Structures are given as C-alpha cells and as structure tokens.
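Between the sequences and the hints, there should be enough to build the whole structure, so can you do that?
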Amino acid sequence: NPGVGANSFSTGTVTIADNDSGSAMFNVSNADTGYTQSECIAVQYTGTITAGSYVYLYAATSGETNSLGQHITMAVQDGTDTNAYGSPDLSCTNFTPNADTTAASHAVTGNAITATALDSWPTTDAAGYSLSNTGSGVPAQLWSNPTTVWYKFSVDILGTATAGSAVSIQFTWEADGQ
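Here the sequence shown is numbered in our numbering, starting from 40 and rising by one per residue.
One should not assume that every hint holds.
[Said to hold, decoys possible] Label-pair ranges, simulated between beta-carbon atoms:
| # | residue 1 | residue 2 | range |
| --- | --- | --- | --- |
| 1 | 121 | 44 | 44 to 52 angstroms |
| 2 | 47 | 154 | 44 to 52 angstroms |
| 3 | 197 | 59 | 20 to 28 angstroms |
| 4 | 59 | 203 | 22 to 30 angstroms |
| 5 | 162 | 65 | 28 to 36 angstroms |
| 6 | 67 | 125 | 23 to 31 angstroms |
| 7 | 46 | 159 | 44 to 52 angstroms |
| 8 | 63 | 119 | 31 to 39 angstroms |
| 9 | 165 | 43 | 25 to 33 angstroms |
These are computed hints drawn from the structure, not numbers from a lab. Values in this document were obtained by computation on a predicted structure and should not be read as measured data. Even glycine gets a Cβ: it sits at the ideal position worked out from N, Cα and C.
Written as structure tokens, this is what we have:
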C-alpha cells in the first residue's frame, strides 16, 4: 500500500501510582492487643492504553516473629475524598466510603476487602484482589486515564497476639493492560 509515510504501530503505557510519596502508611511500634488504626491513600491510573487497564492489589509480608501476621487483620474500603490526589489524607478525615462496604473482597463486589489476616493476603497479581470489579455478576471495569480512587486501610491487632512480636507488609498496586 504505497503512500506518504509508512504503516506504523506503537504501544501505550500502563502507569499507576499512589500519593504516599514513597512512605509507609503504618509505622506502629509498642502496640498492645486491641490496637486499631486507619490510614487513607489515593491510587491513580494515568496510562495511555486506549481501552484502559485492570488494577490489582496484593501484598508480601516479611520479618515476621511469633506468627504475628495471623493476629493482625487489615480491611480495605474504597471511596472518595475531598482532598486532591497530591494532598494525602492519612487521617481519613475527608474520606467517604462507597455504598457497599460489607463485601468479602473486591473480587466479589468491588467495594471492600473484609478484615483479612496479614499472613492470608494474596501475594501475586493472579491471586490478588481485583480493584476493577464493580459487583457480583457485573463485568470488570477498566481504569482509564485518569482514574483516581481513594482507599481506607484499617488495621486491628487481635487479643491473641504474642508480646514482643513483629511483622512487616508491603502492598503492591498493579495495572495490567487489557
């Protein structure tokens, strides 16, 4: 097919980031059983793939002693916040959860991850929570550019935790093109 120029192709980008400026949401030391705390974070997709991307959340624990990860639960709610993406709301003062916050996981309804022991969090994108699902039986939504979603992470140290224990957890947000 002659003509001016050549046939050309290019791929889009898959870009996802959060607004924590590279710092941890939680840094809890010397806590007692029954301790609870919540922190909010915004996740933003700015990729250029025309159809958008699916987004997943998974985690990895490390440095665990006395099986503490079994005795700490983490729940996650999605919602909105009046703060701009670049203005963290770590205290969750301006956070409003989406309507259905009682779901078993994003994989089921798209709105909540119930309290899950840190040791039980999925460790890969394939097993991770799909943040693209919109409800039971509803097709997955692709995040398009720009999409910003706020999440409230709530931690609870259960009364069965052993004194002098430790664990760390690192969360990973992953966007996969369609």
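Check your understanding: Do the Cβ positions of residue 165 and residue 43 conform to the proposed distance bound of 25 to 33 angstroms?
Key -> 45 angstroms, violated
Point to revise | Beta-carbon spacing of residue 162 to residue 65 - inside the hinted bounds 28 to 36 angstroms or not | key: 19 angstroms, violated
Point to revise | Whether the CB-CB distance between residue 67 and residue 125 falls inside 23 to 31 angstroms | key: Once the Cβ atoms are compared, 26 angstroms apart, the range 23 to 31 angstroms for residue 125 and residue 67 holds.
Review point. So the hint says 22 to 30 angstroms: do the beta-carbon atoms of residue 59 and residue 203 match that?
Key: 28 angstroms, holds
Review point. Lying within 44 to 52 angstroms: is that true of the beta-carbon distance residue 46 to residue 159?
Key: 50 angstroms, holds
Review point. Regarding residue 121 and residue 44, is the given constraint of 44 to 52 angstroms on their beta-carbon distance met?
Key: Given a distance of about 48 angstroms, which is inside 44 to 52 angstroms, the answer is holds.
**Study point:** Pairwise beta carbon distance, residue 47 to residue 154, judged against the given window 44 to 52 angstroms
**Key:** 51 angstroms, holds
Check your understanding: Does the hinted range 31 to 39 angstroms hold for residue 63 and residue 119 at CB?
Key -> 23 angstroms, violated
Review point. How does the Cβ-Cβ distance of residue 197 and residue 59 compare with 20 to 28 angstroms: does it lie in that range?
Key: 26 angstroms, holds
Consistency note: the structure conflicts with the earlier hints numbered 5, 8, 9.
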